[in-house]
Amino acid sequence: MMERAMEQLNVQLSRLTRSLRRARTVELPEDNETAVYTLMPMVMADQHRSVSELLLNSKFDVNYAFGRVKRSLLHIAANCGSVECLVLLLKRGANPNYQDISGCTPLHLAARNGQKKCMGKLLEYNADVNICNNEGLTAIHWLAVNGRTELLHDLVQHVSNVDVEDAMGQTALHVACQNGHKTTVLCLLDSGADINRPNVSGATPLYFACSHGQRDTAQILLSRGAKYLADKNGITPLDLCVQGGYGETCEILIQHHARLFQMLIQMTQNEDVKENMLRQVLEHVSQQSDSHYQKVLTSLAEVATTNGHKLLSLSSSYEAQMKSLLRIVRIFCHVFRLGPSSPNNGNDMGYNGNKTPRSQVFKPLELLWHSLDEWLMLISTELERSTKNPSLSSSSSEIASLLLKQRESDPSRTTLSLLEGEAYVDGEDVISMTANRLSAVIQAFYMSCSCQMPQGMTSPRFIEFVCKHDEVLKCFVTRNPKIIFNHFHFLLECPELMSRFMHIIKNQPFKDRCEWFYEHLLAGQPDSDMVHRPVNESDILLIHRDSIFRSSCEMVSKSTNEKLKQGIAVRFHGEEGMGQGVVREWFDILSNEIINPDYALFTQSADGTTFQPNSNSSVNPDHLNYFQFAGQILGLALYHRQLVNIYFTRSFYKHILGIPVNYQDVSSIDPEYAKNLQWILDNDISDLGLELTFSVETDVFGAMEEVPLKPGGSSILVTQDNKAEYVQLVTELRMTRAIQPQINAFLQGFHTFIPPSLIQLFDEYELELLLSGMPEMDVEDWCRNTEYTSGYDTEDPVIQWFWKVVRSLTQEERVLLLQFVTGSSRVPHGGFAFLMGGSGLQKFTIAAVPYTSNLLPTSSTCINMLKLPEYPTQEILRDRLLVALHCGSYGYTMA
Amino acid sequence: MSETYDFLFKFLVIGSAGAGKSCLLHQFIENKFKQDSNHTIGVEFGSRVVNVGGKTVKLQIWDTAGQERFRSVTRSYYRGAAGALLVYDITSRETYNALTNWLTDARTLASPNIVIILCGNKKDLDAEREVTFLEASRFAQENELMFLETSALTGENVEEGFLKCARTILNKIDSGELDPERMGSGIQYGDASLRQLRQPRGTTTQNKQQCNC
Numbered sequence: 001m002m003e004r005a006m007e008q009l010n011v012q013l014s015r016l017t018r019s020l021r022r023a024r025t026v027e028l029p030e031d032n033e034t035a036v037y038t039l040m041p042m043v044m045a046d047q048h049r050s051v052s053e054l055l056l057n058s059k060f061d062v063n064y065a066f067g068r069v070k071r072s073l074l075h076i077a078a079n080c081g082s083v084e085c086l087v088l089l090l091k092r093g094a095n096p097n098y099q100d101i102s103g104c105t106p107l108h109l110a111a112r113n114g115q116k117k118c119m120g121k122l123l124e125y126n127a128d129v130n131i132c133n134n135e136g137l138t139a140i141h142w143l144a145v146n147g148r149t150e151l152l153h154d155l156v157q158h159v160s161n162v163d164v165e166d167a168m169g170q171t172a173l174h175v176a177c178q179n180g181h182k183t184t185v186l187c188l189l190d191s192g193a194d195i196n197r198p199n200v201s202g203a204t205p206l207y208f209a210c211s212h213g214q215r216d217t218a219q220i221l222l223s224r225g226a227k228y229l230a231d232k233n234g235i236t237p238l239d240l241c242v243q244g245g246y247g248e249t250c251e252i253l254i255q256h257h258a259r260l261f262q263m264l265i266q267m268t269q270n271e272d273v274k275e276n277m278l279r280q281v282l283e284h285v286s287q288q289s290d291s292h293y294q295k296v297l298t299s300l301a302e303v304a305t306t307n308g309h310k311l312l313s314l315s316s317s318y319e320a321q322m323k324s325l326l327r328i329v330r331i332f333c334h335v336f337r338l339g340p341s342s343p344n345n346g347n348d349m350g351y352n353g354n355k356t357p358r359s360q361v362f363k364p365l366e367l368l369w370h371s372l373d374e375w376l377m378l379i380s381t382e383l384e385r386s387t388k389n390p391s392l393s394s395s396s397s398e399i400a401s402l403l404l405k406q407r408e409s410d411p412s413r414t415t416l417s418l419l420e421g422e423a424y425v426d427g428e429d430v431i432s433m434t435a436n437r438l439s440a441v442i443q444a445f446y447m448s449c450s451c452q453m454p455q456g457m458t459s460p461r462f463i464e465f466v467c468k469h470d471e472v473l474k475c476f477v478t479r480n481p482k483i484i485f486n487h488f489h490f491l492l493e494c495p496e497l498m499s500r501f502m503h504i505i506k507n508q509p510f511k512d513r514c515e516w517f518y519e520h521l522l523a524g525q526p527d528s529d530m531v532h533r534p535v536n537e538s539d540i541l542l543i544h545r546d547s548i549f550r551s552s553c554e555m556v557s558k559s560t561n562e563k564l565k566q567g568i569a570v571r572f573h574g575e576e577g578m579g580q581g582v583v584r585e586w587f588d589i590l591s592n593e594i595i596n597p598d599y600a601l602f603t604q605s606a607d608g609t610t611f612q613p614n615s616n617s618s619v620n621p622d623h624l625n626y627f628q629f630a631g632q633i634l635g636l637a638l639y640h641r642q643l644v645n646i647y648f649t650r651s652f653y654k655h656i657l658g659i660p661v662n663y664q665d666v667s668s669i670d671p672e673y674a675k676n677l678q679w680i681l682d683n684d685i686s687d688l689g690l691e692l693t694f695s696v697e698t699d700v701f702g703a704m705e706e707v708p709l710k711p712g713g714s715s716i717l718v719t720q721d722n723k724a725e726y727v728q729l730v731t732e733l734r735m736t737r738a739i740q741p742q743i744n745a746f747l748q749g750f751h752t753f754i755p756p757s758l759i760q761l762f763d764e765y766e767l768e769l770l771l772s773g774m775p776e777m778d779v780e781d782w783c784r785n786t787e788y789t790s791g792y793d794t795e796d797p798v799i800q801w802f803w804k805v806v807r808s809l810t811q812e813e814r815v816l817l818l819q820f821v822t823g824s825s826r827v828p829h830g831g832f833a834f835l836m837g838g839s840g841l842q843k844f845t846i847a848a849v850p851y852t853s854n855l856l857p858t859s860s861t862c863i864n865m866l867k868l869p870e871y872p873t874q875e876i877l878r879d880r881l882l883v884a885l886h887c888g889s890y891g892y893t894m895a
Numbered sequence: 001m002s003e004t005y006d007f008l009f010k011f012l013v014i015g016s017a018g019a020g021k022s023c024l025l026h027q028f029i030e031n032k033f034k035q036d037s038n039h040t041i042g043v044e045f046g047s048r049v050v051n052v053g054g055k056t057v058k059l060q061i062w063d064t065a066g067q068e069r070f071r072s073v074t075r076s077y078y079r080g081a082a083g084a085l086l087v088y089d090i091t092s093r094e095t096y097n098a099l100t101n102w103l104t105d106a107r108t109l110a111s112p113n114i115v116i117i118l119c120g121n122k123k124d125l126d127a128e129r130e131v132t133f134l135e136a137s138r139f140a141q142e143n144e145l146m147f148l149e150t151s152a153l154t155g156e157n158v159e160e161g162f163l164k165c166a167r168t169i170l171n172k173i174d175s176g177e178l179d180p181e182r183m184g185s186g187i188q189y190g191d192a193s194l195r196q197l198r199q200p201r202g203t204t205t206q207n208k209q210q211c212n213c
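Top line first, the protein sequences correspond to chains A and B.
Residue numbers 1 to 895, in the numbering used here, belong to the letters of the first sequence in order.
Residue numbers 1 to 213, in the numbering used here, belong to the letters of the second sequence in order.
Rather than coming from a laboratory, the hints here were simulated on the basis of the structure.
As the structure is a computational prediction, the values presented were derived from the model and not from experiment.
Glycine included, each C-beta is placed from N, C-alpha and C at the ideal position.
Any given hint could turn out to be false.
[Said to hold, decoys possible] Straight-line C-alpha distance at most 20 angstroms; calculated DMTMM-like pairs for lysine to aspartate or glutamate:
(1) A:Lys565 with A:Asp588
(2) A:Lys295 with B:Asp179
(3) A:Lys506 with A:Glu813
(4) B:Lys34 with B:Glu156
(5) A:Lys91 with A:Asp61
(6) A:Lys295 with B:Glu181
(7) A:Lys867 with A:Glu813
(8) B:Lys123 with B:Glu160
(9) A:Lys363 with B:Glu181
[Said to hold, decoys possible] Restraint-style ranges between C-beta atoms, simulated for each label pair:
(10) A:Gln255 with B:Asp179: 20 to 30 angstroms
(11) B:Gly54 with A:Gly169: 35 to 45 angstroms
(12) B:Arg71 with A:Glu319: 21 to 31 angstroms
(13) B:Asp179 with A:Asp194: 34 to 44 angstroms
Build the full structure now, drawing on both the sequences and the hints.
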């Protein structure tokens, strides 16, 4: 008894010692579930001795499946590459083909993880390579996905069918191609894989290679004779390459199937194809060689010409053809500008090497330009005819009915006149039907001309073209001004052409011009509607509130214009906040600082609310730099549609726009003097003996100095005949010459963000609205602070109607009304009670005028007076007022 | 996605106003007579893929305005045309008399090799006939034109007119008389053309043959 007990104790003791020495149990628990978790970590670490020892005397079922996915220890060994354990388990009868819950065998796992030795052993123990998991994947799929060519090589010997399909009908070759594993692809092909095998959606290995831009793989497939097959939806490998912008793969496809070149070119007509991707592909193809370059461009030019001609066919869809033509020409120009690949003619626009001139590629387009020219000449003839016969062209419906009547009364005589009349009737039609289409072709023509010129220069050929067809083009835009905004973008790039159309453009609604302005200002900027975007810490403008002007100036000058255009991020020193609101606040308080009198940069004008450069700003030695900075800030604000809190004088807005100032602008700085100038103009000065010459005396630091207004001016007398010139010159002296350096510096800054050609779309009133925004208008306050003269009073029905109409106006129209009457779009600080006139406070005044039919309201801006005819009804009042506002709020005529 | 064809031919339809050019084209493309047809303004466009002698040919057809005032515009479309249908109205001697002018235009502006077929249209209005078949066929003979009388209303000979013209061009290509590679020949190889002899076996995709213009 004792002995047995001793023995047992010894066994237990030695077990305990062994266990303690190995820091693990030395005996497997009886139940499989607990045992397997004891063994699993050992298998994972390939501790085969321990495993073998533990298994030795146990009844553990080596095929016991455990865990969520129901794997056996053999799975674990294969997965982790624990080859010794794997062998051990196999020896102990583990089933090499045991499938886990997803149908994977140990071989699948070994293949997936590239466990070469494990795979070898599994095969030795007759693992079946052809077993599919639940998704239909076999071991070779796993190897192919990961490009384990060497292992694949070993495995395919045992595979009965290399083309075994997964649930999607995909073979190992498909997945290898998709992932671009070249050697794997070769190995599979050498093992007899079907090179053209379609999957369930009809996609072949080549299709897969192309869908991921696997150039080399596509090359291998094609050189092994892969067929070029579309999938079941008709999507071809070429479509896929273009979708992904895979130029190199496209090039390979074309090398093997030359006909695909034309297909590729034809794709430019397909609006579903992404333009930038297609362009990328064509760029690549064109860069292969000079002859590729020539061929791509010539083919594009041909397609463009056919499309252009189709666009000029009236039955085609204007919208679709127009887009198609412009897209093709855009791509054409882009590829042309890139130039051919050979480096030796990089900067030669005319000839490539010694062979064909580069301009050769434009030849097919000449057909289209020729047709365009003929069309415009035709229209010019039609126009001439209709001006010769204004009675006929004035109203086509009238003629038609007239002709019909004639025909009834005198059938024999009218045939001739009918024919003629018809020509005129649809002469009108021809213009309205073709204007849009021709304008789109003109746009294409401009693009094609410009891409042959250095950036920023207008092609002489195009200028000549516009001059030649001046009349027709003007006719187009007069009839349909939208054409300017849709197709005549060239105007914004060619100041010399812009001036021809300026008066028509200026007549277009402010809103349309604003859209055009921003469309072009922001063209090329990626995501233009965000002022604030996530930025690098280093791009944040860190501003000190206590030295806002100086620190802003410093930060802005450190940044680059390009970055500032992309977006502004502002953070005030010691504050957390960032974002739109902070940017807005920054512009607001910075603009207040700019006009801070301490800097002496801007002075208040006579009315106390507007500002203009201070002619004595040079007391601040850095003043010109600061003016440039002020211009930059204003430009930047406009660029990002932020409003500033400054109102400038009318004359300064004119300076920004490059519009000459006139004597009335003088009133903003010197109202008395302006009145005197006005007086000279209004009265005959011949016999007054003023003895004025073309010179003025000015005070330069205390000394009176004679400044001539023009060369030799001090000896030229001002007469009745030349007084207008005198007034103009003296105005320019006061308004412009005195602050010319300041203006120049300001504009230099402003133009870094806003090109002069774009800003000139607006007049000085609109510029104020753009920069400073629509003022808040309190109609009640307005009404309370209005005076009435010449017969009106608050009770008068006309006045009652007037205010009713004002209340019904839009905000924009109210601003127009205020501008119309006061010449300014602003309500002074403190409200309408503080409205200023030429000499001090001057309230808004409405004066009665006797009514005659069609009479419009007029105004005297210097005394803020609206001369309102005594209209018989509210409707007529509203109607006349709106006419006056929309046509007459700009430009002065002497009433 | 796009149609497959061996060749693309640029065709013109020319002739005096009212001869029925647009109706011929409409009949050819839509297989329908175009009721209440207006004067064509400028040039209209249509296309159809046809089978000629075992080849698929895409006909890109430019239908020109007959009115004199459009003459300069329509002329700008002549360049590079491979074939033309010269149309007159058998019930209008005026349209027949103008043929010489149209012919000169076509031969000088398009190409001296342009293949022209003369079409005496409105065959259905035999009662009002002003130009006899014999007279016109003599004119065709003298000017080396093919000749057919057609009716856009009934469709008679319309298809034949276009096909005959296309067939003649194909023959000229085969005989080497016309070189499609020459600029301005009005002929382009299509994506299924024979030029791709080096392409690997059986690579043509089978796409539906239909006009998608």
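Consistency of the hints with the structure:
| no. | hint | in the structure |
| --- | --- | --- |
| 1 | A:Lys565 with A:Asp588 | holds (19 angstroms) |
| 2 | A:Lys295 with B:Asp179 | holds (18 angstroms) |
| 3 | A:Lys506 with A:Glu813 | holds (18 angstroms) |
| 4 | B:Lys34 with B:Glu156 | holds (14 angstroms) |
| 5 | A:Lys91 with A:Asp61 | holds (13 angstroms) |
| 6 | A:Lys295 with B:Glu181 | holds (13 angstroms) |
| 7 | A:Lys867 with A:Glu813 | holds (18 angstroms) |
| 8 | B:Lys123 with B:Glu160 | holds (14 angstroms) |
| 9 | A:Lys363 with B:Glu181 | holds (15 angstroms) |
| 10 | A:Gln255 with B:Asp179: 20 to 30 angstroms | holds (26 angstroms) |
| 11 | B:Gly54 with A:Gly169: 35 to 45 angstroms | holds (36 angstroms) |
| 12 | B:Arg71 with A:Glu319: 21 to 31 angstroms | holds (29 angstroms) |
| 13 | B:Asp179 with A:Asp194: 34 to 44 angstroms | holds (42 angstroms) |
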